[in-house]
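Here the structure of chain S is known, so what remains is to put chain U in place on it, guided by the hints.
Protein sequences, first through last, are from chains S and U.
Counting in my numbering, the first sequence runs from 282 upward without gaps.
Counting in my numbering, the second sequence runs from 282 upward without gaps.
Since the hints were made in silico from the structure, they are not lab data.
Nothing here was measured: the structure is a model prediction, and the numbers come from that model.
Some hints here could point you the wrong way.
Copies of the same chain look alike in the list, so a pair counts if it fits in one copy or across any two.
Within a straight-line C-alpha distance of at most 25 Å, the following computed DMTMM-like cross-link-like pairs (lysine to aspartate or glutamate) qualify [unchecked claim]:
no., residue 1, residue 2
1, LYS414, GLU301
2, LYS432, ASP365
3, LYS432, GLU303
4, LYS300, GLU471
5, LYS300, GLU422
This is what each chain is made of:
There are 2 protein chains.
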Amino acid sequence: MKLSMMYSYLNTDLALIEKELETTIQGEHPVLKQAGLHLLQSGGKRLRPVFVLLGGKFGNYDIHVIKNVAVALELIHTASLVHDDVIDDADIRRGKPTIKAKWDNKIAMYAGDYILGSSLEIITRLENPLLHKILSNAIVEVCLGEIEQIKDKYDFDQNLRTYLRRIKRKTALLIAVSCQLGAIAADVPEETHKKLFLFGYYVGMAFQITDDILDFTGTEAQLGKPAGSDLLQGNITLPVLYAMQNKYLKEQIIQVSELTTPEEINSLITSIKQSNAIMHSEMISNRYLAKAYKVLDELPPVRARNTLSSIAKYIGKRKY
Amino acid sequence: MKLSMMYSYLNTDLALIEKELETTIQGEHPVLKQAGLHLLQSGGKRLRPVFVLLGGKFGNYDIHVIKNVAVALELIHTASLVHDDVIDDADIRRGKPTIKAKWDNKIAMYAGDYILGSSLEIITRLENPLLHKILSNAIVEVCLGEIEQIKDKYDFDQNLRTYLRRIKRKTALLIAVSCQLGAIAADVPEETHKKLFLFGYYVGMAFQITDDILDFTGTEAQLGKPAGSDLLQGNITLPVLYAMQNKYLKEQIIQVSELTTPEEINSLITSIKQSNAIMHSEMISNRYLAKAYKVLDELPPVRARNTLSSIAKYIGKRKY
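Pulled out of the complex, with its shape left as it was, chain S reads as follows (with noise of 0.2 Å):
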């Protein structure tokens, strides 16, 4: 089953808040479609704002409400996308950045501070203090999540507390404050909300897992990107700290550099999948999913508690 029939019934909505995204980006400023690109670019996946909707359906669901809520989360998430961007694109010509690319650079940079401004002044349209204090220190967070994960790269003497903490940062926690803010917006009581919040925690965490297993599992095709990139750009994820723990192994994993070749990478890649760090990174994932089950169970039995559960079983299952 595709990931977007198990939420068809919320088509119309989803077409709403496609058409807001839209309006916000494009609007009258030219400069912003590059930032307007990789909206269309991450495709109608929209995983935050569906997350929003369904944890608005614990409650009052109003549509022209909760959508302010989705819209916000999904360009938060944009201007993310955006500014990771930044720099890496810079167009180099004879040893120093053509003021071209440093422009296309800056504009990219103010372009990300645009969208995330944006994205605060349509949630000022609810007027509720709650969901600027929870979004706020959310924003704070994913920086700080980027902000290790550059300083973290070719670091091979991380360990597992280290990067559960950084990919709750820069993944999970925003899509656990997406079930907790469609529900506030809902007016669902306190006690459900936080729940949806570590629901969404749980499934963000095995999200990003499956994200770090497929980056080695996954063919070239499926991903997009060539097997192994993560390890490549010095990225120490979940396999490769398990795959540290043989010793073989480990003395070539910490040799991997900037200079490392894409053939080299290859033939790391075949060792690390064919030892037992692929197996102990899916049994981390689904001891998350497992937690995000359990939560689920104490929610309100409505539809959209089927529609997670579904939404968890699929990210446990998927292959690219």
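Just chain U now, kept in the frame of chain S:
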């Protein structure tokens, strides 16, 4: 009279704000040092917090409430300085940005995001949706101002309107919002906080125009950078727009590009200074200051009103 003497009665409160700024930035994250540096470098001027506090003096001034607004505004200003530095500082080797330069730039970018997020987190302490509404709108406008400034570089086909809109977004708005939000946090009635906004807007416009004049009339020692830096970097400011009304000067100005040498710029600066451009620019600045004084006359006669008047006067006369 030195600027800081005009509001020396705020010193205790400003010291408290300084301490909170340090705690927020430096805190637990050593990677945020670069950002902290900006805070220290910008010295003790703290114009935005001063405006926040003075705005608050028109109402129920409680430093433990107001300080949050002051800290948030200074942090937003700092975030914009940090982002302004990204890419310009890029360290290039062998035709490619070094991994370290790429990291540092990315960290600077996320540090800016982090500071912005922190400022929003601090504002949530007041649980006042109106603060968020005004602030998020200001953030969006500042970003648009930055994007316009980048886009308009070396574009000599600009007019007064383009320039004024850009400096409004880039500078005046955040000063206007500082005055207004300080007042709102002190429960000042709408009529008054809107006037404080207007005062800050007029003063902010005069402030930026004066800055743009000083870029021509100031010495390198006064400015901390060579005179004419704006023009060399392609920023078309008010004196340049007026100078271009002279056909002979226009011919020279439109030749300026990223290849222009400092020597060529120096000779051009001398010509611009000898034209009427500086006088015309000062007239516009004075016109904004006159409007600022006029708004002050409509405000209640509290001590802060005199201080605001002194600050406006200072801005009109400052030499660096």
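Evaluation of the provided hints:
| no. | hint | result |
| --- | --- | --- |
| 1 | LYS414 to GLU301 | both (24 Å within a copy, 19 Å between copies) |
| 2 | LYS432 to ASP365 | both (14 Å within a copy, 21 Å between copies) |
| 3 | LYS432 to GLU303 | between (34 Å within a copy, 22 Å between copies) |
| 4 | LYS300 to GLU471 | neither (31 Å within a copy, 35 Å between copies) |
| 5 | LYS300 to GLU422 | between (29 Å within a copy, 23 Å between copies) |
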